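S.K.: Protein chains in written order, with the numbering used here: chain A, 5 to 292; chain B, 5 to 292.
Keep in mind the hints are simulated off the structure, nothing from the lab.
Quantities reported herein were computed from a predicted structural model and do not represent experimental measurements.
Identical chains share a label here; the pair holds if one copy fits it or two copies do between them.
With a straight-line cut-off of 25 Å between C-alpha atoms, the simulated DSS-like cross-links for lysine-lysine are:
#1 Lys162 x Lys258
#2 Lys244 x Lys162
#3 Lys84 x Lys107
Below, each chain spelled out in residue letters.
There are 2 protein chains.
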Amino acid sequence: MPSKFRPELTDTGLDPTIAVTAVDEYQNVREMHIADERPLTIYIDRHEIVTLMTLGNFPELLALGYIKNQGLISDITEIKSVQVEWDVNAAVVTTFSESSAWKENLGPRIITTGCGQGTVFGNVLEQLQNIHLQSPLIKQSTIYQLLKNLNAYNDVYKSAGAVHGCALCSSAEILCFVEDVGRHNAVDAIAGRMWLEDIPGQDKLFYTTGRLTSEMVMKVAQMRIPALLSRSGITQMGLKLAQDFGVTLFSRAKGRHFLIYHGRDNVVFDVGLPAPLASDPPVKADMA
Amino acid sequence: MPSKFRPELTDTGLDPTIAVTAVDEYQNVREMHIADERPLTIYIDRHEIVTLMTLGNFPELLALGYIKNQGLISDITEIKSVQVEWDVNAAVVTTFSESSAWKENLGPRIITTGCGQGTVFGNVLEQLQNIHLQSPLIKQSTIYQLLKNLNAYNDVYKSAGAVHGCALCSSAEILCFVEDVGRHNAVDAIAGRMWLEDIPGQDKLFYTTGRLTSEMVMKVAQMRIPALLSRSGITQMGLKLAQDFGVTLFSRAKGRHFLIYHGRDNVVFDVGLPAPLASDPPVKADMA
Chain A
5 MPSKFRPELT
15 DTGLDPTIAV
25 TAVDEYQNVR
35 EMHIADERPL
45 TIYIDRHEIV
55 TLMTLGNFPE
65 LLALGYIKNQ
75 GLISDITEIK
85 SVQVEWDVNA
95 AVVTTFSESS
105 AWKENLGPRI
115 ITTGCGQGTV
125 FGNVLEQLQN
135 IHLQSPLIKQ
145 STIYQLLKNL
155 NAYNDVYKSA
165 GAVHGCALCS
175 SAEILCFVED
185 VGRHNAVDAI
195 AGRMWLEDIP
205 GQDKLFYTTG
215 RLTSEMVMKV
225 AQMRIPALLS
235 RSGITQMGLK
245 LAQDFGVTLF
255 SRAKGRHFLI
265 YHGRDNVVFD
275 VGLPAPLASD
285 PPVKADMA
Chain B
5 MPSKFRPELT
15 DTGLDPTIAV
25 TAVDEYQNVR
35 EMHIADERPL
45 TIYIDRHEIV
55 TLMTLGNFPE
65 LLALGYIKNQ
75 GLISDITEIK
85 SVQVEWDVNA
95 AVVTTFSESS
105 AWKENLGPRI
115 ITTGCGQGTV
125 FGNVLEQLQN
135 IHLQSPLIKQ
145 STIYQLLKNL
155 NAYNDVYKSA
165 GAVHGCALCS
175 SAEILCFVED
185 VGRHNAVDAI
195 AGRMWLEDIP
205 GQDKLFYTTG
215 RLTSEMVMKV
225 AQMRIPALLS
235 RSGITQMGLK
245 LAQDFGVTLF
255 SRAKGRHFLI
265 YHGRDNVVFD
275 VGLPAPLASD
285 PPVKADMA
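Only chain A is shown next, with the shape it has when bound in the complex (with noise of 0.2 Å):
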């Protein structure tokens, strides 16, 4: 088996806005940009998987990210190719074998969270029950690095919204960004490159501009890496699977601030802060 075998893949990935008008309290016209939502229904060998509304940013990369979060293929050199058709919506994931073993992986459950009404098939979870990761040591000013590089990011989100952010993370540095109308969508297409490219997660650092709920957390330990970094909040579930996965977790992360719900050993507090201002905004929920 070659190590350096790569699937073959279209790159199809589209243009994320379009630009309507609309009308402002003020009755003037103004020129919007929004971002784009269209369906990319997946297939494994003329199988009908699942249908995403997706941004279209990186449709290959989503598809090949989709079928390993979701346990359904784990060795990459099964698969001989993706290609994507947007006349179709459609993103054809060819394997050598043409087997269907991985319809084994499809479970008879559907669990669907977070945000939306997602779904994980039922064998995902029971694969991460011995997941126990082991987070570096994580330096403050290493985080605030990493906010401000991440500030030349967003670029979606910054004309549009309505998209969420995700980034892979090498110390300060940003690996990866992508940014989809789904949070888990985000979160798949890194997945499919780290994938594709053999990039390992144990000493990786995830930020995602949305929310920490179970999935979010669950999708970050299936990729290995131990620290996740949120702009928002976490919910009670995100906070349990990352004690049980031993991932460092930062919620509320931007600026100067955050707040380390679980893994505070792993971080290194090597800024020496000015007391708090009597103006400074306290840590917020200003994004859900």
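Starting from the known structure of chain A, fit chain B onto it as the hints suggest.
M.R.: For chain B alone, coordinates are given in the frame of chain A:
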């Protein structure tokens, strides 16, 4: 068939937040509240339908609304009872006939959309094809009063974040406000209440803190509500569906600001706004 018929419901709404500690950037340990998130598996007559992750505030209404919005059962008098037992995280919907006729409505196809990767059973789209709603005239002053009235809500969001809120409104009056970890759950719970209490949609207005993706607009159209107001942004497909169904669409509604993306002719500009101040914040993407 008695017009006042209602299924028998348990009343098992839970406290939506729990207290946990977190460590902030000053190494201070702070007591925070986070949103609860727990699985709820919906059964119809012993058939497992889906597992949703929910805040657990209105589980009976969520189960009802999910069944209604997925097009599984359309007549509430077919439903004998909805019983939620948190011991086993189950919402058991019992029908009178136990005919399993609803199974035909499951359809062959699962479409997953929006923020997460939610499921919409295939037949829903068909059912919606002939919907053309008639929006009433909506006054700008009513919008402002409604936005003001909404400030009294969003309790969970204010204390814990990580949830979205949805409201069913009659003019500026808020009839029902639901928060959930999933936007779609909050919409479904409101749909459940409308179904249960036979509340018509055509003279109502729907508010959400969440983004207007395709699935949100579809659900509001299913409830026959002709006007949709969001604090957040919209996607291209959310806009397209609003145009198709005739839903008047406001986005970025906050304070005095809003943007009308569809149905401008249904809005009466009855507020003489002063010219915008230079210090006025622009309409911006403050919440995905």
